[in-house]
Amino acid sequence: MSFRNFAIGLTVSFGLAWFSVVVLPFFKLRELSPVSFEEGVDPKSGIYFPKTTGRVVDGARVYAENGCYQCHTQVARPTYAGNDLKRDGFAGLKADPDRGDTRRESNPFDYVGLDFAQIGVTRNGPDLINLGRRLRATYGDEADEHLYRHLYDPRLDPAVASWSNCPSMKFLFEKKEIQGQVSDAALDVAVEDGFQIVPGPAAKALVSYLLSLQHDDVVPSSMNYAPVVPGNDG
Amino acid sequence: MATLENDQDTILRASIDRSLRHPVMFFFTSGAAWLAVAILLGIISSAKVHSPGFLDSCPWMTYGRVTAAHQTALVYGWGCQAAFGMAIWLMARLSRQTCRNAGVILTAGHVWNLALSLGVIGILAGAGTGMPWMEMPSFAWMPMLLSYIAIVVGSMVQFKVRPEGHTYISQWYLMAALIWFPWFFGSAHLLVHGFSGSPLGAAGVNAWFRSAMLLMLFAPVGIAMAYYLVPKVLGRPVYNYSLSLIGFWSLAIIAPWAGMQKLTGVPIPNFLPYLGAFAAILFAVPAAMAGINLLKTATTDLATVNESPTLRFTVWGLIFLLIFGLASVLLNLPSVMRITQFTISGYGYDVLGVYGFFSFIAFGAIYFIVPRITRREWLSRRLIKSHFFLSLYAVFGIALVAIFGGLMQGVGQETFTSAWEDAADRVVPYAVMTTVSWCFLLVSNFFFFVHLTLMWLRLGRRSSHPTLLVEPHHHDPHGPEGDIDNAGPAVH
Numbered sequence: 481m482s483f484r485n486f487a488i489g490l491t492v493s494f495g496l497a498w499f500s501v502v503v504l505p506f507f508k509l510r511e512l513s514p515v516s517f518e519e520g521v522d523p524k525s526g527i528y529f530p531k532t533t534g535r536v537v538d539g540a541r542v543y544a545e546n547g548c549y550q551c552h553t554q555v556a557r558p559t560y561a562g563n564d565l566k567r568d569g570f571a572g573l574k575a576d577p578d579r580g581d582t583r584r585e586s587n588p589f590d591y592v593g594l595d596f597a598q599i600g601v602t603r604n605g606p607d608l609i610n611l612g613r614r615l616r617a618t619y620g621d622e623a624d625e626h627l628y629r630h631l632y633d634p635r636l637d638p639a640v641a642s643w644s645n646c647p648s649m650k651f652l653f654e655k656k657e658i659q660g661q662v663s664d665a666a667l668d669v670a671v672e673d674g675f676q677i678v679p680g681p682a683a684k685a686l687v688s689y690l691l692s693l694q695h696d697d698v699v700p701s702s703m704n705y706a707p708v709v710p711g712n713d714g
Numbered sequence: 075m076a077t078l079e080n081d082q083d084t085i086l087r088a089s090i091d092r093s094l095r096h097p098v099m100f101f102f103t104s105g106a107a108w109l110a111v112a113i114l115l116g117i118i119s120s121a122k123v124h125s126p127g128f129l130d131s132c133p134w135m136t137y138g139r140v141t142a143a144h145q146t147a148l149v150y151g152w153g154c155q156a157a158f159g160m161a162i163w164l165m166a167r168l169s170r171q172t173c174r175n176a177g178v179i180l181t182a183g184h185v186w187n188l189a190l191s192l193g194v195i196g197i198l199a200g201a202g203t204g205m206p207w208m209e210m211p212s213f214a215w216m217p218m219l220l221s222y223i224a225i226v227v228g229s230m231v232q233f234k235v236r237p238e239g240h241t242y243i244s245q246w247y248l249m250a251a252l253i254w255f256p257w258f259f260g261s262a263h264l265l266v267h268g269f270s271g272s273p274l275g276a277a278g279v280n281a282w283f284r285s286a287m288l289l290m291l292f293a294p295v296g297i298a299m300a301y302y303l304v305p306k307v308l309g310r311p312v313y314n315y316s317l318s319l320i321g322f323w324s325l326a327i328i329a330p331w332a333g334m335q336k337l338t339g340v341p342i343p344n345f346l347p348y349l350g351a352f353a354a355i356l357f358a359v360p361a362a363m364a365g366i367n368l369l370k371t372a373t374t375d376l377a378t379v380n381e382s383p384t385l386r387f388t389v390w391g392l393i394f395l396l397i398f399g400l401a402s403v404l405l406n407l408p409s410v411m412r413i414t415q416f417t418i419s420g421y422g423y424d425v426l427g428v429y430g431f432f433s434f435i436a437f438g439a440i441y442f443i444v445p446r447i448t449r450r451e452w453l454s455r456r457l458i459k460s461h462f463f464l465s466l467y468a469v470f471g472i473a474l475v476a477i478f479g480g481l482m483q484g485v486g487q488e489t490f491t492s493a494w495e496d497a498a499d500r501v502v503p504y505a506v507m508t509t510v511s512w513c514f515l516l517v518s519n520f521f522f523f524v525h526l527t528l529m530w531l532r533l534g535r536r537s538s539h540p541t542l543l544v545e546p547h548h549h550d551p552h553g554p555e556g557d558i559d560n561a562g563p564a565v566h
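Going down the list, the sequences are from chains U and R. Under the numbering used here, read the first sequence as residues 481 to 714, first letter to last. Under the numbering used here, read the second sequence as residues 75 to 566, first letter to last.
Hint data in this document are derived by calculation from the structure and do not stem from the laboratory. Quick caveat: nothing in here was measured; it's all calculated off a predicted structure. Mixed in with the good hints, there may be bad ones.
Stated by the list, open to error - Cross-link-like lysine to any residue pairs, in silico, SDA-like; alpha carbons within 20 Å at most:
{"id": "1", "chain 1": "U", "residue 1": "566", "chain 2": "R", "residue 2": "495"}
{"id": "2", "chain 1": "U", "residue 1": "508", "chain 2": "R", "residue 2": "349"}
{"id": "3", "chain 1": "U", "residue 1": "566", "chain 2": "R", "residue 2": "491"}
{"id": "4", "chain 1": "U", "residue 1": "655", "chain 2": "R", "residue 2": "131"}
{"id": "5", "chain 1": "U", "residue 1": "566", "chain 2": "R", "residue 2": "490"}
{"id": "6", "chain 1": "U", "residue 1": "650", "chain 2": "R", "residue 2": "118"}
{"id": "7", "chain 1": "U", "residue 1": "655", "chain 2": "U", "residue 2": "670"}
{"id": "8", "chain 1": "R", "residue 1": "234", "chain 2": "U", "residue 2": "482"}
{"id": "9", "chain 1": "U", "residue 1": "650", "chain 2": "R", "residue 2": "198"}
{"id": "10", "chain 1": "U", "residue 1": "656", "chain 2": "R", "residue 2": "133"}
{"id": "11", "chain 1": "U", "residue 1": "508", "chain 2": "R", "residue 2": "344"}
{"id": "12", "chain 1": "U", "residue 1": "650", "chain 2": "R", "residue 2": "124"}
{"id": "13", "chain 1": "R", "residue 1": "234", "chain 2": "U", "residue 2": "488"}
{"id": "14", "chain 1": "R", "residue 1": "234", "chain 2": "U", "residue 2": "491"}
{"id": "15", "chain 1": "U", "residue 1": "566", "chain 2": "R", "residue 2": "492"}
{"id": "16", "chain 1": "U", "residue 1": "650", "chain 2": "R", "residue 2": "132"}
{"id": "17", "chain 1": "U", "residue 1": "684", "chain 2": "U", "residue 2": "654"}
{"id": "18", "chain 1": "U", "residue 1": "508", "chain 2": "R", "residue 2": "345"}
{"id": "19", "chain 1": "U", "residue 1": "650", "chain 2": "R", "residue 2": "134"}
{"id": "20", "chain 1": "R", "residue 1": "234", "chain 2": "R", "residue 2": "172"}
{"id": "21", "chain 1": "R", "residue 1": "234", "chain 2": "U", "residue 2": "489"}
{"id": "22", "chain 1": "U", "residue 1": "650", "chain 2": "R", "residue 2": "199"}
{"id": "23", "chain 1": "U", "residue 1": "655", "chain 2": "U", "residue 2": "667"}
{"id": "24", "chain 1": "U", "residue 1": "508", "chain 2": "R", "residue 2": "343"}
{"id": "25", "chain 1": "U", "residue 1": "508", "chain 2": "R", "residue 2": "348"}
{"id": "26", "chain 1": "U", "residue 1": "566", "chain 2": "R", "residue 2": "410"}
{"id": "27", "chain 1": "U", "residue 1": "566", "chain 2": "R", "residue 2": "496"}
{"id": "28", "chain 1": "U", "residue 1": "656", "chain 2": "R", "residue 2": "131"}
{"id": "29", "chain 1": "U", "residue 1": "508", "chain 2": "R", "residue 2": "270"}
{"id": "30", "chain 1": "U", "residue 1": "655", "chain 2": "R", "residue 2": "133"}
{"id": "31", "chain 1": "U", "residue 1": "656", "chain 2": "R", "residue 2": "132"}
{"id": "32", "chain 1": "U", "residue 1": "508", "chain 2": "R", "residue 2": "268"}
{"id": "33", "chain 1": "U", "residue 1": "574", "chain 2": "R", "residue 2": "345"}
{"id": "34", "chain 1": "R", "residue 1": "234", "chain 2": "U", "residue 2": "487"}
{"id": "35", "chain 1": "U", "residue 1": "655", "chain 2": "R", "residue 2": "134"}
{"id": "36", "chain 1": "U", "residue 1": "684", "chain 2": "R", "residue 2": "133"}
Claimed, not checked - Quick look at which bits of chain R chain U covers, simulated, 3 or more residues with Cβ under 8 Å:
{"id": "37", "stretch": "263–271"}
{"id": "38", "stretch": "319–329"}
{"id": "39", "stretch": "392–398"}
{"id": "40", "stretch": "519–528"}
C-beta: ideal position from N, C-alpha, C; glycine also.
This is chain R alone, in the form it adopts within the complex:
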């Protein structure tokens, strides 16, 4: 059955995977390690909201610093590195080019981690800048930007020299993220660190930057990956191709305007928060287009979705993308905004985007990519299942509970006739729930990290049959996910 063309194809894919093995595994494992750090800091930070005496004698563990370090580790340690790993692998595969600068990428990856580690230590030591999501001391951003460029420049070249023919929708999203990220990351940091004397301008840039991280890095990379994974694993075409094009361009046109709605009521020109709110509400359009398009594709074969670890995570990531879009609408309506603007809803929204939508797709991608580049299969379906269910509970327990809790808190804040104490008290139950959920996530990601590390050490199963989430005697040896293509007959 293996024709010559098929063999060549298999060899090409295998050599692409082989060329990327070290950089991609580096990003995934160090990302997972950072995720563990972020979760630990998240537990400490959330516990302090309801139990302020917890660890309060240690200046490094004071609430403000821990919270900043928690978010920094989550966004730059886990989120960005998962995005890098996915982006360089996916671009190489879709452009059908092997990676020729793995050494450069690895080195740059280490620089990124070094700068980030020093940055997080800086925050905890009390040298943070005080700008949300840009808290790392000012020495960190330049090496991070340069290492980013070194990481992705190869992917851009691969796209440029790809064989003639079809350009995949995933490539569009990836190219957009690759171009946007250095632009907004570099310019935002340059403005706030390089030009003093514009305190409100800097606050505006910061608010826009936070939104850009979600909507212009995590959203396009996550959607790109989902557009690859769902059709690939199911072996079916995307439900509607033109919907995916409209979805892409609507994201490109809408997302850059969002962000300043966080500064509603702040003395900056009035059109900025209004435009920001308008764009944030409209973000539901690209979110729904990608989400519905891919979920429609997935519903054609729900049995496979249920069996495949990749698709289980990816499909839930897409469901969270829809909820994320819905939350963007709800939280930014003027009537709701005045209630939730300064509440824990904002944190819930961020966690929903970073952990619910993006990370679920990243986990799906990791369950797909890692066996291909290590040429080993996942060891235990039980570990995967625990990871999945605990993560799912935790997203509901953190993101959705915080979004709702923020509404309650906001009602308390706006009720000016009762004492502030009332608003403060309203947070406590939701904070307890958040702490419990972060503990779930700690357990969940402990499983994930151990599993991934074993794979990294190439201790996975030597098999060409994927690990599926069904009992062994039920599954067909040529299961629905198909053979691992790089372990096919042509490669020995």
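Here chain U stands alone, though its shape is the one from the complex:
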């Protein structure tokens, strides 16, 4: 075989795959076409456009920089790929007081506004795509307080203290001398007298981002590929 044919062979075999699984999908996924609710079928009408609030971009950067994705994923896989829809709180709430069963698989709109979808590598810790939802359901308005304490030292939380191997993120917090009153933001953790622990800017962004992870809104039925079958969910 001549060098020319060899080079052509290599270029074609690589180039074809490169173009069709890398370049083309990358640019296709850049322009998501809007999906509409269908009247009569869906409970809503208009165009599906999920709202996200919070310091998503800043917080996602803190999440990325500190390697949270090494142990936490952010995706609720369809049933063919895993049991995420059935695991409590991963894909939504099984019995939301207002909306009932909110569980659904992830869709491309869940990642809009980010530069990189933090799908994650392993699940040494639980999935987080609906972390904000389940913390709000459990702790209500104290969800952020709970999350700050968790980030400060995960083993302060009695629910996970015995087994969590989540690293403590104490460096995202500041130890400050109490001047006058104790700050509203001060954490309820042990600290020497006259001092308080308050979240730093990175911790605030991170908590804001984590609480924004509530991806269980109603989607158009055309996108709801694998609705949870009632009675078949453990």
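Assemble chain R onto chain U, guided by the hints.
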């Protein structure tokens, strides 16, 4: 016995080795130093999985950052530099051309190391990008790509101007790796850093990139080196030549499609993970073809394999290549994938590829190449043996244990009726084993690094007889590995 032609041949080989001495030794020694860094970070990272309080007051040592730095040091510090050293030496030897740009290669090697060091410091300082295996801050990739091009452009020219005649199968694999690497490395980084607004697309590119590093850089360079070393040291032809051709083209056709199976169940077009899984499973074909072909060659003379440090490492590297291919099949079957997708199996698979298969062959190559370019022999067979056995235990202790542990962890994750705690608890024993194994590797590579540094300082034995892994009184002065060819009668 030395005819004129033989003498000329010896002189040519000696001058090729001489021309490459500094760049190749630079890549091997700095690679070994990075390996030590990677192992230290690996111990810290793994220890934190079972003992989260370890070093937890230091932000630079937080688990996420250390793990990223560990993998970056392993892949780009050790893996890539070992690959560069092997590739430029092997291409020069097989193309029978001396290196004419050693200064450029050395300079580029320093640029690579500088960019990488800043990148790893960036990760530890908290400026990582959050994309697995592409974590270095965005300033790093462009100088790395440019220095890569400066390192290998000479090898491409050498291939182009080589004498007429036979093209070795190793050259095919090397040329493929030399062409593929800048293509996938450059385009993947350009897409994720240059074009925003495609979060899922970027995650897909990243998943594909990680697979490409393993299957399209480390696999071809490792296989190329093994196709040279096994027949060369044994002095026998490759078992089946057409098998090696089919193996090469099947790798070229299959490997570029793999990678996106890591995103199974993620909302990207469905065909991407399916194609990725299919290709990853089919990777077993080129892996088996190269592995079986060369192991068949090696089994013709097992005594020599056992005595030669080069072949001991290379043959085990090939065995790990077969296991790597087998693991590609097992872990990517849809029924297993749903269990192991987000478990430590993935880490085990990566370590099996980078450390089990690729590094073993790289160590074999280093034990072969270094005496030739420094014109000194390895000092101690005990150091080589310790390096070999500790490395072997460690690969089993990290890679295979993590792959199995991931299965157990995945079963825990999928059992949605029991609490998450159960899945989390299942990781702990395997993490302890991983920490212990990385400690083995630290000791092992301490021996290796010291030995290599002594060789670099040209403190090796002044002898033309290779260091073999047998007791001295057993070995024939003209041992099976033969004279070091550049110290032959023609060179004084």
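These are the hints, each one checked on the structure:
At roughly 16 Å between alpha-carbon atoms, residue 566/U and residue 495/R fall within 20 Å of each other, so this suggested pair holds. About 17 Å separates the Cα atoms of residue 508/U and residue 349/R, which keeps this hinted pair within 20 Å; it holds. Taking the CA atoms of residue 566/U and residue 491/R, the gap is about 9 Å. The hint holds against a cut of 20 Å. For a cut-off of 20 Å, the pair hint linking residue 655/U to residue 131/R stands: about 13 Å separates their Cα positions.
This hinted pair checks out: residue 566/U and residue 490/R have alpha carbons roughly 6 Å apart, not beyond 20 Å. The straight-line distance between the Cα atoms of residue 650/U and residue 118/R is roughly 18 Å, inside the 20 Å bound, and the hint therefore holds. For the hint pairing residue 655/U with residue 670/U, the CA-to-CA distance comes to about 11 Å; that is within 20 Å, so the pair holds. Our distance criterion of 20 Å between C-alpha atoms is met by residue 234/R and residue 482/U, whose separation comes to about 11 Å.
Straight-line distance between C-alpha atoms of residue 650/U and residue 198/R comes to about 16 Å, which keeps the hinted pair within the 20 Å bound. Of the pairs offered as hints, the one joining residue 656/U and residue 133/R holds, with about 18 Å between alpha carbons and a cut-off of 20 Å not exceeded. At roughly 13 Å between alpha-carbon atoms, residue 508/U and residue 344/R fall within 20 Å of each other, so this suggested pair holds. With a CA separation close to 19 Å, the supplied pair residue 650/U and residue 124/R stays within the 20 Å bound.
Our distance criterion of 20 Å between C-alpha atoms is met by residue 234/R and residue 488/U, whose separation comes to about 15 Å. For the suggested pair residue 234/R and residue 491/U, the alpha carbons sit about 17 Å apart, so the restraint of at most 20 Å is met. Restraint check: the Cα-Cα separation between residue 566/U and residue 492/R comes to about 11 Å, which is no more than 20 Å; the hinted pair holds. At most 20 Å may separate the alpha-carbon atoms for a hinted pair to count; residue 650/U and residue 132/R meet this at roughly 9 Å.
Only pairs whose Cα atoms come within 20 Å are accepted, and residue 684/U paired with residue 654/U is accepted, the gap being roughly 12 Å. Taken as a hint, the residue 508/U and residue 345/R pair is honoured in the structure, with Cα atoms around 14 Å apart against an allowance of 20 Å. Between residue 650/U and residue 134/R the alpha-carbon distance is near 12 Å, which keeps this suggested pair within the 20 Å criterion. Proposed proximity of residue 234/R and residue 172/R is supported: the alpha carbons are some 13 Å apart, at most 20 Å.
As the CA atoms of residue 234/R and residue 489/U are separated by approximately 17 Å, the hinted pair is consistent with the 20 Å bound. The suggested pairing of residue 650/U with residue 199/R holds, with an alpha-carbon distance near 15 Å, which does not exceed 20 Å. Between residue 655/U and residue 667/U the alpha-carbon distance is near 10 Å, which keeps this suggested pair within the 20 Å criterion. With a CA separation close to 10 Å, the supplied pair residue 508/U and residue 343/R stays within the 20 Å bound.
Only pairs whose Cα atoms come within 20 Å are accepted, and residue 508/U paired with residue 348/R is accepted, the gap being roughly 18 Å. The suggested pairing of residue 566/U with residue 410/R holds, with an alpha-carbon distance near 18 Å, which does not exceed 20 Å. Straight-line distance between C-alpha atoms of residue 566/U and residue 496/R comes to about 16 Å, which keeps the hinted pair within the 20 Å bound. With a CA separation close to 17 Å, the supplied pair residue 656/U and residue 131/R stays within the 20 Å bound.
For the hint linking residue 508/U to residue 270/R, the alpha-carbon distance of about 13 Å falls within 20 Å, and the restraint holds. Proposed proximity of residue 655/U and residue 133/R is supported: the alpha carbons are some 15 Å apart, at most 20 Å. Straight-line distance between C-alpha atoms of residue 656/U and residue 132/R comes to about 19 Å, which keeps the hinted pair within the 20 Å bound. With a CA separation close to 16 Å, the supplied pair residue 508/U and residue 268/R stays within the 20 Å bound.
The suggested pairing of residue 574/U with residue 345/R is violated, with an alpha-carbon distance near 30 Å, which exceeds 20 Å. Between residue 234/R and residue 487/U, the direct Cα distance comes to roughly 12 Å. Compliance with the 20 Å bound is thereby established for this hinted pair. Of the pairs offered as hints, the one joining residue 655/U and residue 134/R holds, with about 19 Å between alpha carbons and a cut-off of 20 Å not exceeded. Taken as a hint, the residue 684/U and residue 133/R pair is honoured in the structure, with Cα atoms around 17 Å apart against an allowance of 20 Å.
Judged by the Cβ-Cβ criterion of 8 Å, the stretch 263–271 of chain R is covered by chain U as claimed, because 5 of its residues qualify and three suffice. Coverage of the stretch 319–329 of chain R by chain U holds [criterion: at least 3 residues with CB-CB distance below 8 Å; count 3]. Against chain U, the stretch 392–398 of chain R contributes 0 residues with a C-beta closer than 8 Å to a partner C-beta. That does not satisfy the three-residue criterion, and the hint is violated. Look at the stretch 519–528 of chain R against chain U: 0 of its residues bring a Cβ nearer than 8 Å to a Cβ of that chain, fewer than three, so the hint is violated.
Hints 33, 39 and 40, counting from the list given before, are not met by this structure.
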